[in-house]
Amino acid sequence: MRETDSDLLIICLPNSSLPFPEQTMRRLALLLLLPWITCISANAICNAEEPIDFNRQIRPILSDRCFHCHGPDDDHREAGFRLDDRQSATTEADSGELPIMPGNSAESELIHRVASTDDSLRMPPSDSNKPQLSADEIELLTKWIDQGADFQRHWSFVPPTRPQLPKVEQAEWVRNPIDRFVLARIEEQRLAPSPEADKRTLIRRVTLDLTGLPPTPAEVEQFLADESPKAYERLVDRLLASPRYGERMAWPWLDAARYADTNGYQGDPERTMWPWRDWVVDALNNNMPFDQFTIEQLAGDQIPEATHAQVIASGFNRNHMHNGEGGRIAEETRVENVFDRTETTATVWLGLTYTCCRCHTHKFDPISHTEYYAFYDFFNQTSEGGGIRGGAVPPFVPYVSPENQQKLETYAQQLAALRKTLLKDDPAADEAQAKWQERVRRESAWTFPAIVEVQTGGQSQLSTLDDGSLRAEGARPDQDVYTIVARTDRLNNKAIRLEALSDKISSPTGSTGRADNGNAVLSEFEVFIRPETDPTAKFRPVKIVKGTAEHAQSGLGVEQAFDGINGGGGGWAMEGFNRKDSNTAIFYLDQPFGFEGGTEIRFVLRCESRHIAHTLARVRLSVGSGETEGVLPSEVQNALAKSPEQLTAKEQQTLRQEFRAKHYHQEGAGEDSYAAIAKRIEKLESQSKSLRDASEKIKVMIMDTLDKPRETRILEKGLYNKPIGDAVAPDVPGVLPGLPEEATRNRLTLAKWLVSPDHPLTARVTVNRYWQLFFGQGIVRTPEDFGTQGKLPTHPELLDWLAVEFVESGWDVKAIHRLIVTSSTYRQSSQATAEKREADPANFFLARQSRHRLPSWMLRDQALFVGNLASLRMGGPPVKPYQPEGIWAEATFGKKKYQRDNGEALYRRSLYVFWRRIVGPTMFFDVANRQTCSVKTAITNTPLHALTTLNDITYVEAARGLATKVIHASDEPSQRIRDVFLTLTSREVTEQELAILLDRYQVLQSVFAQSEEDAQKLLAIGEAPRDQSIDLAELATMTALCNTLMNLDEALSRP
1 MRETDSDLLI ICLPNSSLPF PEQTMRRLAL LLLLPWITCI SANAICNAEE PIDFNRQIRP
61 ILSDRCFHCH GPDDDHREAG FRLDDRQSAT TEADSGELPI MPGNSAESEL IHRVASTDDS
121 LRMPPSDSNK PQLSADEIEL LTKWIDQGAD FQRHWSFVPP TRPQLPKVEQ AEWVRNPIDR
181 FVLARIEEQR LAPSPEADKR TLIRRVTLDL TGLPPTPAEV EQFLADESPK AYERLVDRLL
241 ASPRYGERMA WPWLDAARYA DTNGYQGDPE RTMWPWRDWV VDALNNNMPF DQFTIEQLAG
301 DQIPEATHAQ VIASGFNRNH MHNGEGGRIA EETRVENVFD RTETTATVWL GLTYTCCRCH
361 THKFDPISHT EYYAFYDFFN QTSEGGGIRG GAVPPFVPYV SPENQQKLET YAQQLAALRK
421 TLLKDDPAAD EAQAKWQERV RRESAWTFPA IVEVQTGGQS QLSTLDDGSL RAEGARPDQD
481 VYTIVARTDR LNNKAIRLEA LSDKISSPTG STGRADNGNA VLSEFEVFIR PETDPTAKFR
541 PVKIVKGTAE HAQSGLGVEQ AFDGINGGGG GWAMEGFNRK DSNTAIFYLD QPFGFEGGTE
601 IRFVLRCESR HIAHTLARVR LSVGSGETEG VLPSEVQNAL AKSPEQLTAK EQQTLRQEFR
661 AKHYHQEGAG EDSYAAIAKR IEKLESQSKS LRDASEKIKV MIMDTLDKPR ETRILEKGLY
721 NKPIGDAVAP DVPGVLPGLP EEATRNRLTL AKWLVSPDHP LTARVTVNRY WQLFFGQGIV
781 RTPEDFGTQG KLPTHPELLD WLAVEFVESG WDVKAIHRLI VTSSTYRQSS QATAEKREAD
841 PANFFLARQS RHRLPSWMLR DQALFVGNLA SLRMGGPPVK PYQPEGIWAE ATFGKKKYQR
901 DNGEALYRRS LYVFWRRIVG PTMFFDVANR QTCSVKTAIT NTPLHALTTL NDITYVEAAR
961 GLATKVIHAS DEPSQRIRDV FLTLTSREVT EQELAILLDR YQVLQSVFAQ SEEDAQKLLA
1021 IGEAPRDQSI DLAELATMTA LCNTLMNLDE ALSRP
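Be aware that the sequence shown starts at 1, since it is given in the UniProt record's numbering, and climbs by one per residue.
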């Protein structure tokens, strides 16, 4: 029987965390409760006057049993009718029968089919693997049709409105509007709310919920001593203001964003996305409104004049896995990444299951195949390629920390002031400069030959730019040959300079190459000359004997570009996947060339490597003496190659700065001289460059936007190489409000649409996840699915009230969290009476709080915190704490070695632990795998968890830290035990418990007093040095006892 959310059957749901197959537990629950359920169901159905609620009672049945064949999917619809649409359901089917005749169930084919005893007629068919409808369900459908077969829009697609606060009998229990909705439902069930939890429980609960750490004994005592009516509210405000709040709240967002420190798949190379993670923590701590948070996460790069931090924020949709395996198909990988971005956005903000729409129209929700690809188009317009193998896959930006950003801004201000002084009007200096320019132009080491003709291999084009360079545009062929004919009057040319220039238009990564990873290979460089005065003369080759280059990929030096061997994998490689800088090579000739009357030169640049599209993005050629000693910077030479009237404003500044800084003598100017100012500029530029160079090592993947939009088409069955139909324009599902007509169809518009006040889903989906944080389950218990297959809200009016409140508060996250945790609903005791367990075993009606096991990452943080080991330093690169040896080697390609950290890094919070996708941190159980989006809170009950908390190095070392602390605080064993118990549970130990623990203490003391070796072994666990001032046996005794108490159910649970 299907688990349903109808009021009739909701009470039979089992606890989803029970370690038995789900179907078995459902059947068992039904068998145990069948007499009671049947009674309730019969009473409800027999009340003919009570109207049937379509959304709560009928849609779940139709969605589960009928929509697969009679739902939104046109391609798989049977018998020519659909039951999710009233017009179709009440119109003749292919058989000529009416599926539903409103007001007349006896003439409705739907009832005939679901009630038939003939296997060939009964629906759903026996081969559908769907259970037949029960008698109660058939009677519900019958009553509904007889009442007129009223259809309703699915509840989550209707924009929420603020409902009236319900009237309640126990109004004195109400602290805020949340309580009215909850209490009304409790009273409806003839239950009563639980008493408020005691103050010790409250401070432990809310401190864990808001910070992920337990309260200290001092904080507990301070709270107990505060008898003012607002003591609890002050506690909540202090926790919301704590920097620990952002770290705790970041964890579920990182799960949803599938954040990890590697790319996944077989190779699983490391990436550097931790600056994005730190952005999330800062945004949460600063209470960034959720609408702005959404905009920056989805489209920070598209915000006009986006800051560095906003661009980093856009990395949300680059957190997906990336396949860098050998033999992968680049386009297949790229498309898979776009799928992930599309479906993650749909899950996180819409709470809808989009994945099935890759291949076909949704079988249950009104989302068509075409609408999926219209939504997909928003995420299909980034330059990311699928062929990159490295950890950081372009597009990416170097990470500049806020501290370094401040330094760079200061340097920039100082440089601007100095350059203004250096470039001020000075007629005497300008006159001297004009003479210098004329003289230097005549003696320049390099000259740009004038371009006469250009040609490529056919698919691309070379465009001449103002700076004399040539940019490759258009198609990116696998191989290409650039033939460039130019002329020069210069004589005695001993060398040729080839500048491979970085270019953001031609190169996918803004580097020097046109390959997906930005690399390029010049497989062969050939030069031919002839006298310009004799156009009938044949071009003759010029022999290159030597070459130098600023940079070359290891094993692929510049000398391979003139070795006479073309193609294959050889040539001069730029290493564009690691560096974006322009790259210059100088080719020296066996003898100088140059004809009186002018020389015509044919340059042939062969980019015919076997590596796909490893062609040059932009080049510039010059001829000259080849001298490098005392040669002017290239940008100065480029400016000098032009006549004064051709110079741009920037080139004029370049020449003025060069001349005044290095070639102009001022008598008696001292520290105010141009030369002195230039030295200060040079120093500041060097400092600035050092900071930027350091930043270049940390590459954070971001989103960007293609200059020329990529065409999006429907992919047949989701196959990357099976596009069908016409191009699809970016849009949102028709069942939801439309985009503003005048708005640009990009991610920024999409993000703003998601947080528009009339959007039916975003606020509901988000506050539902917030509710899940504080009660273990959401108001909708399928946070990933607000569609027709998802669970119905247990408190629909409360969900709508919270959604409207969230929007009208300005999307104030901390305000909503405060509202929830200060409610009487939240502050209830979690102790369940026998009556409440029987009436509401799954706590649907919230007549008590929900007690549950702490997640494994929070348990680790708690252990470090109580053990006086925790480093609360925030942010920075991930850390590698204790982990059993050999796990990485066993699970990863290439047998990767886990290099454990030392010192403080061992004790950082779990948020900062290195996360490898193939095998996640071994100390965390039943957490999201971070390979795909996850918004469902899991509660662990694996036996391995107990083995870890008893034996893992972290927990034993933490027990030693706690033991050391209490031993120094008191000489009395009983007081030490009291201190440990209070630290771990936030309550006083009872006298009975103390007696048991003192007995255990004496047993352990006897054991370690007789075995110094056992004591030393126990105390040697962990890197932190033991306190040598404490007796060996005494410290071992308390360590073992602390380890035991750390495994108390109270210590492992959130009360």
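If you are wondering where the hints come from, they were derived from the structure by calculation, not from laboratory data.
C-beta atoms are modelled at their ideal positions from N, C-alpha and C, and glycine is treated no differently.
Any given hint could turn out to be false.
[As the list claims (entries may be wrong)] Derived Cβ-Cβ restraints for the label pairs, each shown as a range: (1) ILE724 / ASP136: 43 to 51 Å; (2) ASN176 / LYS897: 36 to 44 Å; (3) PRO51 / ARG190: 29 to 37 Å; (4) GLU1013 / ALA938: 39 to 47 Å; (5) GLU172 / ASP119: 55 to 63 Å.
Structure-based check of each hint:
ILE724 and ASP136 have their C-beta atoms about 45 Å apart, which keeps the hinted 43 to 51 Å range intact. About 54 Å separates the C-beta atoms of ASN176 and LYS897, a value inconsistent with the hinted range of 36 to 44 Å. In this structure the hint that PRO51 and ARG190 lie 29 to 37 Å apart at CB is violated, the actual value being about 22 Å. Roughly 41 Å separates the CB atoms of GLU1013 and ALA938, a value that falls within the hinted 39 to 47 Å.
Against the hinted window of 55 to 63 Å, the Cβ-Cβ separation of GLU172 and ASP119 comes to about 59 Å, which satisfies the hint.
The structure shown violates the earlier hints numbered 2, 3.
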